[in-house]
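A.B. asks: As a plain string of letters, each chain reads:
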Amino acid sequence: MSITTGNILEVRGLTARYGEVTALRSADLDLKEGELIAVLGPNGAGKSTLMRSIVGLTSASGDVRFRGELLPRNAAAVAARGIALVPEGRGIFGPMSVEENLQLGAYMINGRGEDYERRLSRVLTLFPRLKERLSQAAGSMSGGEQQMLAVGRALMADPKLLLLDEPSLGLAPKVTAEILETLAELNRSGLSVLLVEQKAPLALKIASRAYVVVNGRISTEIDTKEITSHDQLARYYFQ
Amino acid sequence: MTNSPATISSKLMAALRHAPAIAAAGMVAYAIADGGYIVTVVGFGLIYTIFVAGLNIFMGYAGQTSFGQNAFAAIGAYASAVLTATYGWPPLLAALAGIVATAICAFVIGYPTLRLKGHYLAMATLAIGLIIYEVAVQWQSVTNGYMGISGIPALGIGHYELLSDRAQLIFLAIMAVLSLAASWLLRHSRFGRALVALSGSEDAARALGINVRQYKLTAFIISAIYASISGTLFVHIVGFISPEMIGMNMVILAFTMLYVGGIGTTTGPLIGAIVIGLLPESIRSFKDYQDLVYGAALILILIYAPGGIASLDQVVKKLLRTKAPAKEVAP
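Protein chains in written order, with my numbering: chain A, 74 to 312; chain B, 14 to 344.
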């Protein structure tokens, strides 16, 4: 059944368990079309579980709706709807070339054809460094370049919604800033983005709203314009 | 026009990249031209090339583990042997029946088994190999138990039979080339890229829309078909099959060939099968110390070429990098 609300993503009562441990408790979240929102929280709070549960990589109970349609609990089927995930730790395929990684991003259209060329050209314009390294083994690139590849590979799917799990992990501040600026640019061009990030100040610069996850619960929803100091942000973490 | 050192170096690396496969192909050509005892050794090497190429698809491309590929070689071998020697079927028809039977068995076995991962999958596939071995021993009315089946006809169509050693070797060489070419095409297809992706990270592959379970099962069936073809070829070349020929030693030998040749590379199975096939022959002069030298040679290859002999260019590149003086850093 389809319900039209203007939201591209609606999460209701999402609960995920790892054995006896409940990693995510009854999470509710909304993301409007064309919006970029952040999910913040300390290490181990359940942010990645939330992301994995949305795309069906972790089994969970509750509802996830994409443009009003209930999403199946199967990652491959979720990807087919136009939702791309940049996983934590990048998840690039090291022994394969950069080009092969990008081809895999366009797996749904068989990694060739006019549509493929258009998508490839767009990604290489966004990340010119990848163009110089198309035939290089992805695993031999620097961390920053690998993250660019991970984002580029997700964009090759021409997604309607882009999910990123800790894109700043292990990167130099300058590279992180570069990648986040690219995300902001993508969002300005109309792409909806859900960003999980531990480095809250960086995420708040580009997000319009943020959800704070603490101990597996979404504790607060905040308007990023209202956050003016670190102390104010810290209060949300420890409330 | 002069070549820069960088151009020469890249040409040298390209030559080294292809040298092991060319050397292995050269050895096959030498055996065809020379005839004699080496034909038998290289012939077995080519049969193993097909078997290992299949194993490489499942292990090298898809990153899974199987200790039970001998089971599928056995199904192909026994189907061919029984249908031709006992029921008088033509070899080609018997081979096709064996391949179909193997593919069905691989589906039935793989569907539940491939839910397992890592060591659990390895143990489950090991059990499959042991079960098929026991079936070959115990089902005496069909397999003739330890006594095996003899009088299996040579390969051929109608009145044309491959009777001479040289003709058989040429046929085996064609089959090996076809199997490697199919493996190369598979690796560079959408399916092959998806297999390598799931071997890197199943979650990342799923997030790209790849149906991981279906792809693993398909790779398993394809590798079983390769094993079945090698089993069929084996019985028609040797003319005999017994359970001892499809036991664990077959798996150990195939693993050694795969790792020595280069797991995940297309030509690795050929290189590994020829090197491991010829190694005992080339160290025969060591007499009592033959096994010791064989073991030491394998250890040395795996220490200095962990990616296998197919990655010789990488070994040389690493050596040159180690020997090159460190660049001075400006203060």
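Be a bit skeptical, because a hint or two may be false.
[Unchecked claim] Ranges of calculated distance between the beta carbons of each label pair, as one might list FRET restraints:
#	chain 1	residue 1	chain 2	residue 2	range
1	A	SER208	B	PHE120	35 to 45 Å
2	B	LEU25	A	PRO274	48 to 58 Å
3	B	ALA194	A	ASN183	47 to 57 Å
[Said to hold, decoys possible] Facing chain B, from chain A, some residues (calculated, C-beta under 7 Å):
#	residue
4	LEU130
5	ALA149
6	ALA153
7	LEU158
8	PRO160
9	GLU161
10	PHE166
11	MET169
12	TYR180
13	MET181
14	ILE182
15	ASN183
Honestly, the hints are just simulated from the structure, not real lab data. For glycine and all other residues, C-beta sits at the position ideal for the given N, C-alpha and C.
A.B. asks: Compare the structure with each hint and give your call.
C.D. replies: We went through each hint and held it up to the structure:
1. A:SER208 / B:PHE120: 35 to 45 Å: 37 Å, holds
2. B:LEU25 / A:PRO274: 48 to 58 Å: 51 Å, holds
3. B:ALA194 / A:ASN183: 47 to 57 Å: Hint violated: Cβ distance 21 Å, outside 47 to 57 Å.
4. LEU130: 5 Å, holds
5. ALA149: A:ALA149 check passes; min Cβ-Cβ to chain B is 5 Å, inside 7 Å.
6. ALA153: 5 Å, holds
7. LEU158: At about 4 Å, which falls below the 7 Å cut-off, the nearest Cβ of chain B leaves the hint on A:LEU158 intact, so it holds.
8. PRO160: 6 Å, holds
9. GLU161: 10 Å, violated
10. PHE166: 4 Å, holds
11. MET169: 6 Å, holds
12. TYR180: Status holds, d = 5 Å.
13. MET181: 5 Å, holds
14. ILE182: Result: violated, 10 Å to nearest chain B Cβ.
15. ASN183: 5 Å, holds
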